[in-house]
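Chemist: Each protein sequence line maps, in turn, to chains F and G. At position 318 of the first sequence the residue is numbered 318 (the working numbering), and the sequence of numbers has no breaks. At position 67 of the second sequence the residue is numbered 67 (the working numbering), and the sequence of numbers has no breaks.
If you are wondering where the hints come from, they were derived from the structure by calculation, not from laboratory data. Backbone N, C-alpha and C define an ideal beta-carbon position, used for all residues, glycine too. A couple of the hints might just be wrong.
To be verified - 27 angstroms max Cα-Cα, derived DSS-like pairs, lysine-lysine: (1) F:LYS94 / G:LYS35; (2) G:LYS94 / F:LYS369; (3) F:LYS437 / G:LYS369; (4) G:LYS249 / G:LYS182; (5) G:LYS249 / G:LYS266; (6) G:LYS437 / F:LYS369; (7) F:LYS369 / G:LYS34; (8) G:LYS276 / G:LYS307; (9) F:LYS34 / G:LYS369; (10) G:LYS423 / G:LYS249; (11) G:LYS437 / F:LYS442; (12) F:LYS181 / F:LYS423; (13) G:LYS276 / F:LYS369; (14) G:LYS35 / G:LYS369; (15) F:LYS423 / F:LYS249; (16) G:LYS182 / G:LYS231; (17) G:LYS116 / F:LYS369; (18) F:LYS94 / F:LYS34; (19) F:LYS116 / F:LYS181; (20) G:LYS116 / G:LYS437; (21) F:LYS222 / F:LYS276; (22) F:LYS34 / F:LYS437; (23) F:LYS116 / F:LYS442; (24) G:LYS369 / F:LYS35; (25) F:LYS249 / F:LYS307; (26) G:LYS369 / F:LYS116; (27) G:LYS423 / G:LYS182.
Claimed, not checked - Listed next, with one range per pair, are the computed distances between beta-carbon atoms: (28) F:PRO168 / G:SER444: 23 to 33 angstroms; (29) G:TYR350 / F:CYS218: 46 to 56 angstroms; (30) F:LYS423 / G:GLU66: 18 to 28 angstroms; (31) F:GLY86 / G:GLN438: 22 to 32 angstroms; (32) G:CYS218 / F:LYS369: 58 to 68 angstroms; (33) G:CYS218 / F:ALA318: 57 to 67 angstroms.
Protein chains: 2
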Amino acid sequence: MIQFYYIRYFIDHFGFDENLTFQQRYLVADQHWKKDNGPILFYTGNEGDITWFCNNTGFMWDVAEELNAMLVFAEHRYYGESLPFGNESFSDSKHLNYLTSEQALADFAVLIEYLKTTIAGARYSPVIAIGGSYGGMLAAWFRMKYPHVVVGALAASAPIWQFGDLVPCGTYFSIVTNDFKKSGTGCSESIRNSWNAINRLSSTDAGLQWLSSTFHLCSPLKNLQDAAILKNWLSETWVNLAMVNYPYKADFLQPLPAWPIQEVCKFLKDPSLSDKLLLQNVFQAVNLYYNYSGEASCLDMSETATKNLGQLGWYYQACTEMVMPMCTDGVNDMFEPQKWDFDALSEECYRLWGVRPRPSWILSMYGGKNISSHSNIVFSNGGLDPWSAGGVTQNITDSLVAIVIPDGAHHLDLRSRNPLDPKSVQQARALEICYMKQWIEKASHSH
Amino acid sequence: MIQFYYIRYFIDHFGFDENLTFQQRYLVADQHWKKDNGPILFYTGNEGDITWFCNNTGFMWDVAEELNAMLVFAEHRYYGESLPFGNESFSDSKHLNYLTSEQALADFAVLIEYLKTTIAGARYSPVIAIGGSYGGMLAAWFRMKYPHVVVGALAASAPIWQFGDLVPCGTYFSIVTNDFKKSGTGCSESIRNSWNAINRLSSTDAGLQWLSSTFHLCSPLKNLQDAAILKNWLSETWVNLAMVNYPYKADFLQPLPAWPIQEVCKFLKDPSLSDKLLLQNVFQAVNLYYNYSGEASCLDMSETATKNLGQLGWYYQACTEMVMPMCTDGVNDMFEPQKWDFDALSEECYRLWGVRPRPSWILSMYGGKNISSHSNIVFSNGGLDPWSAGGVTQNITDSLVAIVIPDGAHHLDLRSRNPLDPKSVQQARALEICYMKQWIEKASHSH
């Protein structure tokens with residue numbers, strides 16, 4: 001019921017020297033579409049394979065019939081199959097030069113115009129942008145920059161304010177910590193205590209060996225640097241668990257049971273255990289995340305989530321436009337204290353890609369907190385989601401509306417309806433649909 | 001009372017591979033500025049030396065005191081002294097690659113943020129964009145794309161709709177024709193008849209010689225191609241006269257008397273004269289435009305206007321983003337019939353710069369006629385100005401307002417007050433000031 005298509009764009013919308021083009025993939029599902037200018041729900045693809053986002057955005061499928069809407073999922077350039085220079089796309093900073101949010105939004109604008117002129121009956125179809133996470137930022141920015149293309153946007157779990165000094169850099173990790181604190185006695189304290197346990201063990205070769213075997217690591221730890229990688233990997237695991245702390249069995253970043261943090265915390269009840277006993281429990285916890293199927297023969301620290309996400313591309317974006325300050329203090333959060341270190345990031349980016357991040361550019365481009373002159377954007381946030389730290393959680397105007405879903409993790413509202421959905425996400429979705437209907441209604445009247 | 005400054009930007013705001021920077025020039029006059037967050041009037045520089053625009057935008061100087069405003073004039077990249085690659089800036093399409101409206105708007109946004117953070121007392125200064133012609137388009141687009149940076153825009157004689165098929169391609173030249181028709185009996189007919197007179201004479205060497213000497217040309221005509229250049233040059237002269245048909249002596253594109261078309265038409269009363277007599281009159285007419293001072297020893301067809309405009313840069317822009325369809329039919333206008341020929345333009349652009357124009361890009365980027373969701377833009381138009389053909393001449397919403405000045409040529413309203421100003425331009429300016437005060441007032445309340 002879904003069709004795959006490709007459209008050719010200019011690789012560079014903003015310059016005319018390179019006249020090269022590339023093929024972008026998009027998916028269309030129109031079985032519920034009212035052919036006489038029925039609305040189009042347009043997923044502004046983010047950093048991954050679009051089929052995976054399509055499969056994890058059941059909300060759009062659930063509302064297609066009610067809204068008589070066509071669904072379009074557009075793949076973000078440099079992800080999935082939409083590689084401007086094929087296998088060379090990530091070879092150097094010259095080939096990566098066109099991986100920016102501005103180019104992606106221009107792709108979307110040109111695609112929508114193409115659809116409206118080529119699909120019979122779509123000429124006046126009102127289009128609503130929908131996206132989650134970075135895709136949610138794109139949805140919001142798309143409405144801000146191209147209000148002539150989309151009548152409104154649903155920006156789910158979109159941390160558009162996780163830039164510059166718009167929000168405190170520590171909130172993100174304190175939300176993760178709270179999720180663990182609420183999910184089991186001793187849980188966040190166990191994790192807080194685990195870092196020093198690892199530090200103590202990793203100071204000897206025997207300890208490193210013990211850690212490697214206890215954590216079933218595919219590549220054993222050889223030195224303190226490897227131990228630091230282990231800690232980063234564990235941190236990322238806790239963060240990912242916070243993002244996918246869904247109320248039912250799901251498979252987003254990894255296959256997981258319902259309320260996975262509660263499951264994880266069952267292993268982490270006693271923070272006062274000896275180093276080895278504590279870390280054995282920590283292994284049980286991460287093993288639940290990485291090996292819920294029980295099929296993994298060892299744990300690979302180079303992977304923390306689904307392969308459907310384009311890590312390389314996103315890392316380049318984080319090294320250029322998407323500079324999101326983060327920090328921990330070990331007090332308000334359960335992590336090792338780490339200040340936000342822009343200079344270190346900049347050096348690392350220069351080493352990896354030959355580029356320097358421009359931390360204020362996104363603020364200049366998209367306005368930071370000064371966005372009240374825009375309209376028709378719903379920002380939805382999950383109370384359990386660390387990304388809500390950088391989200392819009394309070395109404396800005398009558399038509400820049402914030403929704404908070406206290407029991408929601410990362411864009412839970414975009415997922416399919418589920419019998420185990422908390423009331424809060426059901427209400428959020430109802431409100432989102434209500435706004436979308438208003439935008440469609442108003443657009444239809446203007447023709 | 002005006003200070004010259006320079007700011008360093010990235011040459012490429014939209015890519016991170018080239019980390020090169022360049023110096024952009026801007027002018028500041030703050031003698032009337034109220035230092036406690038008084039407003040800033042920001043001229044969005046267009047295709048020329050910014051000091052020249054500064055000197056020809058007396059309106060901003062006239063209202064500075066009344067509004068307690070700081071004046072800032074920002075030079076457009078690739079014009080005046082703001083050359084990203086110095087003398088190499090126009091050497092090839094690689095160096096020209098960053099000459100786009102999007103880069104220029106990003107320059108302005110970064111400049112304004114820089115001013116607000118570095119000038120004491122300017123932190124919350126409301127900024128209003130003001131510009132004329134292409135600068136007027138930039139002012140309007142700036143408000144559309146960066147509403148967090150400017151609270152409103154005055155877009156004077158800004159043909160934002162002279163793109164794609166938004167307006168008929170012939171209106172522009174029919175307005176020029178009407179200006180001549182209204183300014184003297186036989187005037188437009190004389191010009192209409194002049195083309196065939198030139199065609200007949202240029203068919204012989206003797207005729208070409210006669211034309212060269214009659215028109216006091218610096219380089220004599222050698223063949224039919226040269227005769228075509230002569231006709232183009234004459235056409236441009238009539239168009240320029242329509243743009244600068246001001247009610248008083250002025251020196252914008254050229255030094256000219258009050259109502260110059262009336263003066264020109266005094267030579268063009270009898271369209272039924274023989275070829276040579278008619279063309280001798282046409283020479284008198286163009287001589288008034290090119291040689292009002294009486295100092296020119298010959299007329300140079302390669303120049304039709306002030307050297308302060310950057311012809312080369314503008315031609316590149318017309319070959320890339322700024323594709324403005326124009327046509328003549330010889331019936332509704334006084335010109336030789338010429339269809340709009342995009343393919344010929346494209347070939348010429350490729351030959352000259354190695355680039356192809358993208359005629360629909362400006363529409364995708366800035367929304368064409370679908371701009372009603374924006375706010376706080378005043379579009380002013382001169383009834384005598386051919387560029388009003390592509391202007392916004394009717395209100396779109398309460399805050400997207402059109403002003404028409406029936407007796408106005410090209411952005412007359414931006415010029416200094418003059419005792420000979422028609423009532424219509426006085427009223428237009430009063431209304432513009434009224435809107436600016438509203439925007440300032442509203443912005444001040446939000447802090």
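Chemist: Of the numbered hints stated previously, which ones are contradicted by the structure, given in increasing order?
Modeler: 1, 2, 8, 11, 13, 14, 18, 19, 30, 31
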